[in-house]
Each structure stands twice: as C-alpha cells, then as structure tokens.
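This is what each chain is made of:
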Amino acid sequence: MKTITIRYFAMFREHAGLGEETLELDVATAEDVYEQTRNRHGSTEPTGHCKVAINDTMAEWTSGVNDGDVVLLFPPFAGG
Amino acid sequence: MFAISDKSIAVDELRDQVMNPGSGGVCVFEGWVRNENEGRVVQRLEYEVYAPLAVKEGEIVIAEAKQRFPFLAACCVHRSGLLEIGDCAVWVGVSAPHRDEAFKACRYIIDEIKVRLPIWKKEHYIDGDSGWVNCERCANV
Numbered sequence: 001m002k003t004i005t006i007r008y009f010a011m012f013r014e015h016a017g018l019g020e021e022t023l024e025l026d027v028a029t030a031e032d033v034y035e036q037t038r039n040r041h042g043s044t045e046p047t048g049h050c051k052v053a054i055n056d057t058m059a060e061w062t063s064g065v066n067d068g069d070v071v072l073l074f075p076p077f078a079g080g
Numbered sequence: 001m002f003a004i005s006d007k008s009i010a011v012d013e014l015r016d017q018v019m020n021p022g023s024g025g026v027c028v029f030e031g032w033v034r035n036e037n038e039g040r041v042v043q044r045l046e047y048e049v050y051a052p053l054a055v056k057e058g059e060i061v062i063a064e065a066k067q068r069f070p071f072l073a074a075c076c077v078h079r080s081g082l083l084e085i086g087d088c089a090v091w092v093g094v095s096a097p098h099r100d101e102a103f104k105a106c107r108y109i110i111d112e113i114k115v116r117l118p119i120w121k122k123e124h125y126i127d128g129d130s131g132w133v134n135c136e137r138c139a140n141v
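Chains A and B, in that order, are what the protein sequence lines are.
The opening residue of the first sequence carries number 1 in my numbering; numbering runs sequentially from there.
The opening residue of the second sequence carries number 1 in my numbering; numbering runs sequentially from there.
Don't read these hints as lab results, they were simulated from the structure.
Note that beta-carbon positions come from the ideal geometry of N, C-alpha and C, so glycine has one too.
Any given hint could turn out to be false.
[As the list claims (entries may be wrong)] Pairwise CB distance ranges, derived in the manner of DEER restraints:
id: 1; chain 1: B; residue 1: Q17; chain 2: A; residue 2: D56; range: 21 to 31 Å
id: 2; chain 1: B; residue 1: P21; chain 2: A; residue 2: A28; range: 50 to 60 Å
id: 3; chain 1: B; residue 1: G131; chain 2: A; residue 2: R40; range: 21 to 31 Å
[To be verified] One side only, chain A facing chain B, incomplete, derived with CB under 10 Å:
id: 4; residue: M1
id: 5; residue: R7
id: 6; residue: M11
id: 7; residue: G64
id: 8; residue: G68
id: 9; residue: P75
id: 10; residue: F77
id: 11; residue: G80
So that you can see chain B by itself, here it is in the shape it has in the complex (with noise of 0.2 Å):
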C-alpha cells in the first residue's frame, strides 16, 4: 500500500498494518525532517506531490521489491504540505518471513521512491530565504 497524506504520519497504525503472523520480523525507514541542509538552517518544509501519478509511480515500486525480495506485507506513506523539524516526512515498512527480504526491500523501495515519484521539496531557511531542492541523483544525470 502507497499513499500520500496531508497529516502527521501515524507510525503505530502503520506498524499494524504491516504484521502478519509469518513475518519474522519488520524493517522500518522513517524520513524526518532536519534543521540543516548544506550548511544552511532550515527552519520548515514544503513538499509538493501530485498525487495521481506519485501513488500509481509508488504502488509499482512497492511490486517491484516484492517481485525482487519477496516480502508478506509492506507499506509507504509520504507527506505533503508543511513540515516542521522533526516531523516524519516519510515512512516504509516491510514485513517478511526474514530480515534480509525485509531490509533489501525496505532499501529498494525508498531509494526508488526518492527518484521517481513526482514530489518536490521547498526548503524554508531561518534568514526567510527558500528554494526547491533538487534531488542529487537526478542532478548528476
């Protein structure tokens, strides 16, 4: 399951929905927000997401781990709108059998979220500057 959510992310319920009764165990990878990127104090966030094709884009990733780790359950959800330090920007949990499908698959499915899905971060600075951040490895194309 892939979704996008305006509000706080509610981790617990997510933690639930991933458990299943032959999961040995889950890996969990959650994204915060932090007070300081390339030496510039960021006071908030901005993410813009369009919606329609970011959760088409991330239910085909989240396939694509199960396809290559085979996991039992997993889960993303990524936030919109305005962030404050230390808010959970983004969550992904897997669930599987054992650790090694669970760890590959949680990498797999944030390091694919990063690059393709349609979202974009606005960084908000102390001294009130702002400016979108470009993702590094699209940068580097």
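The shape of chain A in the complex, shown without the other chains (with noise of 0.2 Å):
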C-alpha cells in the first residue's frame, strides 16, 4: 500500500466534493490511482480526455507512482 495525496481541479472537485484528499492506496500507475478515485466518486470521463501531473510535473497515465506523491487529476484543458 501506498499513501497518495489526490488533488482535485475544475469539474473533478466539483464531482469529488472536495480539493484534496489523501489515500492508502494498491497502486502501481496514475491510472490506477485515477481508476480508484473514479470508483470512489463515481466519474465517468476517459482518461483519453484528461491529464495527469505528479507532484507537480506533468506526467503520463503510465506513469509510475511512490509512496508520499501528490498525483494531480486535470479534466480537459479549456484555456484560452
């Protein structure tokens, strides 16, 4: 098990109620810990569409997660 910090943004927050929470979680990817929050707050969009960042950096959803990271979910991009 690993202690994961989620944060939330946008649409994400909103569906999770919440900004941030942190987690023992059976994970190996940012995927997975995307899977287990959407089983948890029941989000339905596919990855395909969003992106990730781990502790700060922007990552891939295969991307490898440690015990103690802060994993970022980002719904679609809407700027400009």
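Dock chain one against chain two, each of which comes alone in its own frame, and use the hints as you go.
Structure, rendered in structure tokens:
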C-alpha cells in the first residue's frame, strides 16, 4: 500500500466534493490512482480526455507512483 | 514571459514589453469573452487556473516557439477568475525582425496554450445554468 495525496480540479473537484484527499492505495501507475478515484467518486470521464501531473510535473497515465506522491487529476483543459 | 493574472489585462503595457529596436513588427492575438457558445447565450466566464504548473508549461511553450520561429520578444498573459463579455481572456504578443516568424510564433503559442495548460473554463449562461467547457482537441482524443 502507498500513501497518495490526490488533488482534484474544476469538474473533478465538484464531482468529488473536495479539493484534496490522502488515501492508502494499492496502485502502481497514475491511471490506477484515477481508476480508484473513479470508483470512489463516480466520475465517468475516460483518461484520454484528461491529464495528470505527479508532484507538480506533467506525467503520463502510465507513469509510476511512489509512496508519498501528490497526484493531480486534471479534467480536459479549456484555456484561451 | 508568461503570466497568470486575476486582474484586467493591461494590453498597452504588454505591447510595450515586446517592443524591440530590432523588430520590424509585432503580431498580437487577443482572446475575448464572447456572448455565445454552441447556441447558448453566455453571461460571463470563470477561469480556474492551477498557476504553478500553468506558468511552468507556459514558459516551456514560449521557449519552444522561439526555437522553431526565432523572434526577439514574446509575452503571454492568461486571465483567471470571473470575466464579463468583451473582457480580454488571453493576450499573446510576438515581435520579430520579419512578419513570418511573428505570425507563426504567435499562432504556435496560442494553440499550445489552449491544449497544454491546466486552465478550465466555466460558462455561466443567461438561463442561470453553468457548465465546464471541454477543450475540443482534448475531447476528440
């Protein structure tokens, strides 16, 4: 098990009803973290639409996560 | 220079920042809040920005543009917070010795910023409803 802090933004924060939570998770990749939050908060967005960052650096869904990491879950960007 | 601002974008000051004696011109893109999207009447917009990463990624985009289309100066500012119709949401200015680099770099910067920066747009409609706007290119992935 790894201690992972998850931060939610925009639509994800509204779905989750919170901006951040720290969980004990059995996960290997950023995508595993997202799947677990989807089960927890019922989000239906596929990962293809969304982006992820680990410890304030943009990452891939296949990127590994370590104990103590902060995973930032981003719904589709809409700047400009 | 890339920045996020929660206040009105001071367009004239930004234009001065990209002025350079070696430049033959400046290419500017201003993104404005419009009153309609996909058939719905928009009353105002709200931008949520994760600034630490948006600034970092914005600087990377400008550096990439300079590598591809050598220019003398570039500046981009994106708004956060509540915006009204007609407000400037994003400003990009690129000055270069010749127009070709300025046009291409300006286009590159605005296109990449729309799809790579952690910025989200919530539209507030005239009927009281609201919704997060999904970036078109991302939604088609």
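Status of the hints after comparison with the structure:
At about 27 Å, the CB distance of Q17 of chain B to D56 of chain A agrees with the hint of 21 to 31 Å. For P21 of chain B and A28 of chain A, the Cβ-Cβ distance of about 55 Å falls inside the hinted range of 50 to 60 Å, so the restraint holds. Taken as a hint, the range 21 to 31 Å holds for the pair G131 of chain B and R40 of chain A, whose Cβ atoms sit roughly 23 Å apart. Look at M1 of chain A: its Cβ only gets to about 27 Å from chain B, farther than 10 Å, so that hint breaks.
The interface hint given for R7 of chain A holds, since its Cβ lies 9 Å from the closest Cβ of chain B, which is under the 10 Å cut-off. The beta carbon of M11 of chain A is positioned within 10 Å of a beta carbon in chain B (closest approach about 5 Å), and the interface hint is therefore held. Among the interface hints, the one on G64 of chain A is violated; its C-beta lies about 19 Å from the nearest C-beta in chain B, farther than the 10 Å criterion. Annotation: interface hint on G68 of chain A violated; nearest CB of chain B at approximately 18 Å, more than 10 Å.
A least Cβ separation of about 7 Å between P75 of chain A and chain B falls short of the 10 Å threshold, and the interface hint therefore holds. Against a cut-off of 10 Å between C-beta atoms, the interface hint on F77 of chain A holds, since the closest Cβ of chain B lies about 5 Å away. The beta carbon of G80 of chain A comes within 4 Å of a beta carbon in chain B, closer than 10 Å, and the hint placing it at the interface holds.
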